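J.: So the chains spell out like this:
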Amino acid sequence: MTTATASHDDHHGPEKGLMRWVKTTNHKDIGSLYLWFAFTMLLVGGAFAMGIRAELLQPGMQLMEPQFFNQLTTMHGLIMVFGAIMPAFVGLGNWLIPMMIGAPDMALPRMNNWSFWILPFAGAILLSTFFMEGGAPAFGWTFYAPLSTTFAPDSTDFFIFAVHLLGFSSIMGAINIIATVLNMRAPEMKLMDMPLFVWTWLITSFLLIGAMPVLAGAVTMMLTDRNFGTAFFDATGGGDPVLFQHIFWFFGHPEVYIMILPAFGVVSHIIPTFARKPLFGYSSMVYATASIAFLSYIVWAHHMFLTGMPVAAELYFMYATMLIAVPTGVKVFNWIATMWRGSMTFETPMLWAVSFVFLFTIGGFSGLMLGIVPADIQYHDTYFVVAHFHYVLVTGALWAIIAATFYWLPKWTGRMYNETLGKVHFWWAVISVNVLFFPQHFLGLAGMPRRIPDYSLQFADFNLISSLGGFAFGASFILLTYIVIDCVRNGKPCGSRPWESAKGLEWTLEPKAQYHSFNTPPSRALIEAESQNS
Amino acid sequence: MSEQEYYIPHGTYWPIIGSIGVSTLFVGFANQMHGAEWGGSVMALGFAILVFMMFGWFGQVVNESTNGIYNKQVDRSFRWGMSWFIFSEVMFFAAFFGALFYARQFSVPWLGGEGNNIFTPDLWNAFSASWHQMAFLAPGTELQSGTVMSFPAIPDTGIVTATPADVVDPWGLPALNTALLLASGVTLTFAHHALRAGHRNQIVGWLVATIALGAAFLGFQIMEYGHAYQDGLKLTSGIYGSTFYMLTGFHGFHVTVGVIMLTVILYRVQKGHFTADNHFGFEGVAWYWHFVDVVWLGLFVFVYWL
Ligand code: HEM
Ligand SMILES: [Cu+2]
Numbered sequence: 031m032t033t034a035t036a037s038h039d040d041h042h043g044p045e046k047g048l049m050r051w052v053k054t055t056n057h058k059d060i061g062s063l064y065l066w067f068a069f070t071m072l073l074v075g076g077a078f079a080m081g082i083r084a085e086l087l088q089p090g091m092q093l094m095e096p097q098f099f100n101q102l103t104t105m106h107g108l109i110m111v112f113g114a115i116m117p118a119f120v121g122l123g124n125w126l127i128p129m130m131i132g133a134p135d136m137a138l139p140r141m142n143n144w145s146f147w148i149l150p151f152a153g154a155i156l157l158s159t160f161f162m163e164g165g166a167p168a169f170g171w172t173f174y175a176p177l178s179t180t181f182a183p184d185s186t187d188f189f190i191f192a193v194h195l196l197g198f199s200s201i202m203g204a205i206n207i208i209a210t211v212l213n214m215r216a217p218e219m220k221l222m223d224m225p226l227f228v229w230t231w232l233i234t235s236f237l238l239i240g241a242m243p244v245l246a247g248a249v250t251m252m253l254t255d256r257n258f259g260t261a262f263f264d265a266t267g268g269g270d271p272v273l274f275q276h277i278f279w280f281f282g283h284p285e286v287y288i289m290i291l292p293a294f295g296v297v298s299h300i301i302p303t304f305a306r307k308p309l310f311g312y313s314s315m316v317y318a319t320a321s322i323a324f325l326s327y328i329v330w331a332h333h334m335f336l337t338g339m340p341v342a343a344e345l346y347f348m349y350a351t352m353l354i355a356v357p358t359g360v361k362v363f364n365w366i367a368t369m370w371r372g373s374m375t376f377e378t379p380m381l382w383a384v385s386f387v388f389l390f391t392i393g394g395f396s397g398l399m400l401g402i403v404p405a406d407i408q409y410h411d412t413y414f415v416v417a418h419f420h421y422v423l424v425t426g427a428l429w430a431i432i433a434a435t436f437y438w439l440p441k442w443t444g445r446m447y448n449e450t451l452g453k454v455h456f457w458w459a460v461i462s463v464n465v466l467f468f469p470q471h472f473l474g475l476a477g478m479p480r481r482i483p484d485y486s487l488q489f490a491d492f493n494l495i496s497s498l499g500g501f502a503f504g505a506s507f508i509l510l511t512y513i514v515i516d517c518v519r520n521g522k523p524c525g526s527r528p529w530e531s532a533k534g535l536e537w538t539l540e541p542k543a544q545y546h547s548f549n550t551p552p553s554r555a556l557i558e559a560e561s562q563n564s
Numbered sequence: 317m318s319e320q321e322y323y324i325p326h327g328t329y330w331p332i333i334g335s336i337g338v339s340t341l342f343v344g345f346a347n348q349m350h351g352a353e354w355g356g357s358v359m360a361l362g363f364a365i366l367v368f369m370m371f372g373w374f375g376q377v378v379n380e381s382t383n384g385i386y387n388k389q390v391d392r393s394f395r396w397g398m399s400w401f402i403f404s405e406v407m408f409f410a411a412f413f414g415a416l417f418y419a420r421q422f423s424v425p426w427l428g429g430e431g432n433n434i435f436t437p438d439l440w441n442a443f444s445a446s447w448h449q450m451a452f453l454a455p456g457t458e459l460q461s462g463t464v465m466s467f468p469a470i471p472d473t474g475i476v477t478a479t480p481a482d483v484v485d486p487w488g489l490p491a492l493n494t495a496l497l498l499a500s501g502v503t504l505t506f507a508h509h510a511l512r513a514g515h516r517n518q519i520v521g522w523l524v525a526t527i528a529l530g531a532a533f534l535g536f537q538i539m540e541y542g543h544a545y546q547d548g549l550k551l552t553s554g555i556y557g558s559t560f561y562m563l564t565g566f567h568g569f570h571v572t573v574g575v576i577m578l579t580v581i582l583y584r585v586q587k588g589h590f591t592a593d594n595h596f597g598f599e600g601v602a603w604y605w606h607f608v609d610v611v612w613l614g615l616f617v618f619v620y621w622l
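Line by line, the protein sequences are chains A and B. Count along the first sequence from 1, then add 30; that gives the number in this note's numbering. Count along the second sequence from 1, then add 316; that gives the number in this note's numbering.
Worth flagging that the hints you see were computed from the coordinates, not collected in a lab. Some clues are possibly wrong.
As the list claims (entries may be wrong) - Quick look at which bits of chain A chain B covers, simulated, 3 or more residues with Cβ under 8 Å: (1) 75-85; (2) 211-222; (3) 272-281; (4) 363-372; (5) 436-447.
To be verified - 25 Å max Cα-Cα, derived SDA-like pairs, lysine to any residue: (6) A:Lys542 <-> B:His326; (7) A:Lys53 <-> B:Val377; (8) A:Lys53 <-> B:Leu582; (9) A:Lys53 <-> B:Phe371; (10) A:Lys220 <-> B:Lys388.
Values in this document were obtained by computation on a predicted structure and should not be read as measured data. Built from N, CA and C at the ideal position, the CB exists for glycine as well.
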């Protein structure tokens with residue numbers, strides 16, 4: 031591998047003005063764009079969630095038409111998955127990967143710009159469906175046929191194209207990350223020297239490239255079924271609506287791991303730093319991540335236990351699903367073993383990381399319960415499923431994104447956030463999120479169906495609690511916004527390694543990392559000193 | 317620029333132009349499908365913007381490349397990029413092949429009552445499932461015999477029970493097309509060998525042959541569509557029609573793109589853009605062409621033959 035250095039005309043800094051952000055090919059600029067876009071979408075999707083919880087505050091219909099309620103749940107899910115969580119992780123990857131592997135920038139900088147700048151267009155097309163005749167799509171974020179084909183409003187075609195655009199963006203982003211990790215690494219850095227965030231993102235990229243095109247295929251079939259008379263999902267022409275579910279979940283299950291693997295990476299950085307111990311079981315972490323990724327391709331039909339699949343298929347998908355718990359368990363074990371007898375302190379990033387381990391594991395357990403066929407016959411399409419995936423996605427993926435923000439914010443800005451406010455915000459969020467989602471387990475076990483705007487009286491108490499928790503959790507993001515802006519504007523300048531036992535090449539850069547990360551690649555000695563695998 | 321320096325381009329407008337182009341294209345398309353008169357023109361505008369973007373963007377990359385700004389490492393980034401792009405295309409086709417296999421192995425037999433017959437208690441009593449299943453007309457629909465469909469139908473039901481040979485004969489045009497595409501893979505490899513040996517005239521000859529074979533393939537494919545359509549196999553004639561046209565259609569689209577790319581490469585060869593050991597542009601297109609070739613083999617076996 032030849033040495034990676036930036037060409038001569040890169041020593042000057044960023045351009046001035048708005049066009050800087052439109053034209054930029056710099057991984058840090060693009061990372062920031064991704065992160066701010068994701069944060070905006072988080073607030074938009076969050077606003078929809080507030081609407082949902084307001085309607086569910088009490089039994090009976092209060093605020094909106096059922097059709098509009100369904101539009102809100104649909105758009106909430108789509109915006110959060112494709113607009114908030116995924117772009118946020120790509121943003122983190124953009125910011126961090128070049129710094130972590132000793133590279134000057136991403137491998138394909140122009141394409142990097144494009145993978146971001148497709149997103150606002152996709153988001154705008156998606157959100158514009160609210161204002162169309164017949165309203166926004168209302169068939170749930172999983173857009174099952176025939177709800178999304180025969181019975182959907184015209185705006186669905188705009189939704190389809192928005193998904194295509196989101197897919198282009200993700201695929202280009204993933205290709206870029208693969209090329210960067212495999213080709214831009216410091217020549218002295220071996221694969222098993224790579225930080226876990228880089229490893230998890232590399233593996234996530236393979237998931238993206240394998241899964242997103244299948245989603246594109248699914249929406250393309252929807253498009254032709256809707257407009258050109260094909261019969262993919264139509265039994266009167268020999269097709270099958272269940273085929274849609276197979277194709278969707280062949281994408282969908284890898285997709286949930288796309289949203290959680292980089293989170294695993296983040297947590298594997300933060301816990302060693304604040305436990306002041308090297309990460310326990312580095313290589314087992316790598317292998318566990320790879321096996322989770324592999325398994326995620328062969329378990330998709332655990333979302334379809336109630337579609338009348340042959341019994342052999344039910345059994346197979348049940349056992350394969352259980353298998354995923356093994357590598358996931360390895361990871362949780364390693365995080366705990368890392369903390370074991372460490373001299374731990376609980377700065378804000380660590381609070382988020384430790385609560386990630388705890389709360390994500392709750393979500394993992396409810397996932398195991400759902401993976402058991404006879405149990406799932408009871409739980410399927412109830413609030414238990416809602417509780418499950420919010421534990422893994424909110425207190426899993428989102429938690430890691432927030433943890434990463436606090437952990438690397440000093441490196442991005444050269445400034446320290448307000449620690450007291452950070453802690454206040456953490457406790458506010460962690461308590462309210464549990465008030466919000468924990469009762470939903472009970473609601474689901476008692477049989478409350480998901481995606482229905484009204485419910486019978488025995489569910490009233492838990493729904494009230496859940497809604498109140500939801501409003502409190504929503505409000506916590508106002509404080510988060512303040513903390514971040516306050517840090518960028520007024521934060522106290524910090525050193526280049528604000529966390530004294532943090533390891534990683536990014537901490538060897540200037541306090542506010544320079545515009546092009548590594549113009550000369552780091553030496554072997556430095557790489558070894560900063561390696562997680564020691 | 318030295319081997320030591322990885323070229324990082326400055327700000328660029330091409331991506332935002334591309335985003336505007338593709339969004340315009342899609343918004344126009346959606347409106348076109350919903351009957352807006354202006355939809356088509358907006359689509360055309362979006363397409364034009366996209367073409368402009370591709371000329372500009374690729375042109376700039378070609379310029380940078382011929383000016384020797386790229387080093388070996390940049391070249392490797394392009395290689396990784398192109399290979400994984402092709403892999404994503406493979407997965408896109410896999411979705412449609414998956415639909416084909418599923419329909420063939422599961423949904424059509426189930427509709428015919430296979431298994432526990434849980435899906436189709438008394439669907440239509442005369443219905444019998446067979447692959448290459450065509451449109452299921454409602455029982456009692458009269459076929460205007462000889463005009464719309466020339467497939468055998470169950471008397472009085474309008475249910476068509478086509479067999480493979482009724483639909484398309486794999487050993488006619490499809491087999492010829494297979495030979496054409498396979499041959500084009502060979503001629504392209506000869507072109508590559510000639511490029512490495514530095515024989516400009518031979519490269520041009522073999523490239524022209526490859527393009528001609530690709531174009532011939534497309535021509536026959538259009539003829540083939542004509543036959544199929546006349547025989548009543550349409551996009552709307554049930555799941556076989558759906559998978560047939562979507563798979564071969566997307567493949568034909570990829571061949572078209574491949575032919576265009578090969579033509580660009582031919583032009584670039586004549587401009588002397590490539591050297592014996594530095595010609596990623598050529599190789600990237602060659603990979604793409606071979607990928608299109610392999611997809612066709614899958615189509616020939618699973619869509620036409622079996
Ligand atoms: C320990 C591993 C996990 C297992 C065994 C598991 C199992 C399951 C099962 C069986 C379902 C279907 C429930 C039903 O619809 O009846 C489900 C739903 C879901 N899971 Fe998991 N899961 C696991 C981890 C995760 C992770 C890590 C994520 C995301 C980060 C996730 C996200 C989801 C989502 C979004 C749904 C709901 C999809 C929907 O119907 O809208 N799961 N899970
Ligand atoms: Cu799943």
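J.: Is A:Lys53 close enough to B:Phe371, meaning Cα to Cα at most 25 Å?
T.: holds, 18 Å
J.: Check the hint pairing A:Lys53 with B:Val377 against an upper bound of 25 Å on the C-alpha distance.
T.: Roughly 16 Å separates the two Cα atoms, so the pair holds.
J.: Taking 8 Å as the Cβ threshold, is the statement that the segment 211-222 of chain A is covered by chain B upheld or broken by the three-residue rule?
T.: Satisfied; 3 residues make the cut.
J.: Could you grab the alpha-carbon distance between A:Lys542 and B:His326 and see if it respects the 25 Å cut-off?
T.: Judged against 25 Å, a Cα distance of about 21 Å means the pair holds.
J.: Establish whether the coverage given for the segment 272-281 of chain A by chain B is satisfied; the threshold is a Cβ-Cβ distance below 8 Å, and no fewer than three residues must meet it.
T.: Coverage by chain B holds for the segment 272-281 of chain A (5 residues, Cβ < 8 Å).
J.: Mind checking the alpha carbons of A:Lys53 and B:Leu582 for me, to see if they're no more than 25 Å apart?
T.: violated, 32 Å
J.: Take a quick look at whether A:Lys220 and B:Lys388 sit within 25 Å of each other, Cα to Cα.
T.: Since the Cα atoms of A:Lys220 and B:Lys388 sit roughly 20 Å apart, the hinted pair holds (cutoff 25 Å).
J.: Three residues or more, CB to CB closer than 8 Å: is that satisfied between the segment 75-85 of chain A and chain B?
T.: violated (count 0)
J.: Holds or violated: the segment 436-447 of chain A covered by chain B, criterion of 3 or more residues with Cβ-Cβ distance under 8 Å?
T.: As far as the segment 436-447 of chain A goes, the hint is violated, because 0 residues have Cβ atoms under 8 Å from chain B.
J.: Confirm or reject the coverage of the segment 363-372 of chain A by chain B under the rule of 3 or more residues with a beta carbon closer than 8 Å to the chain's beta carbons.
T.: Coverage by chain B is violated here, the residue count being 0 at a Cβ distance below 8 Å.
The structure is inconsistent with the numbered hints 1, 4, 5, 8, although it conforms to all the rest.
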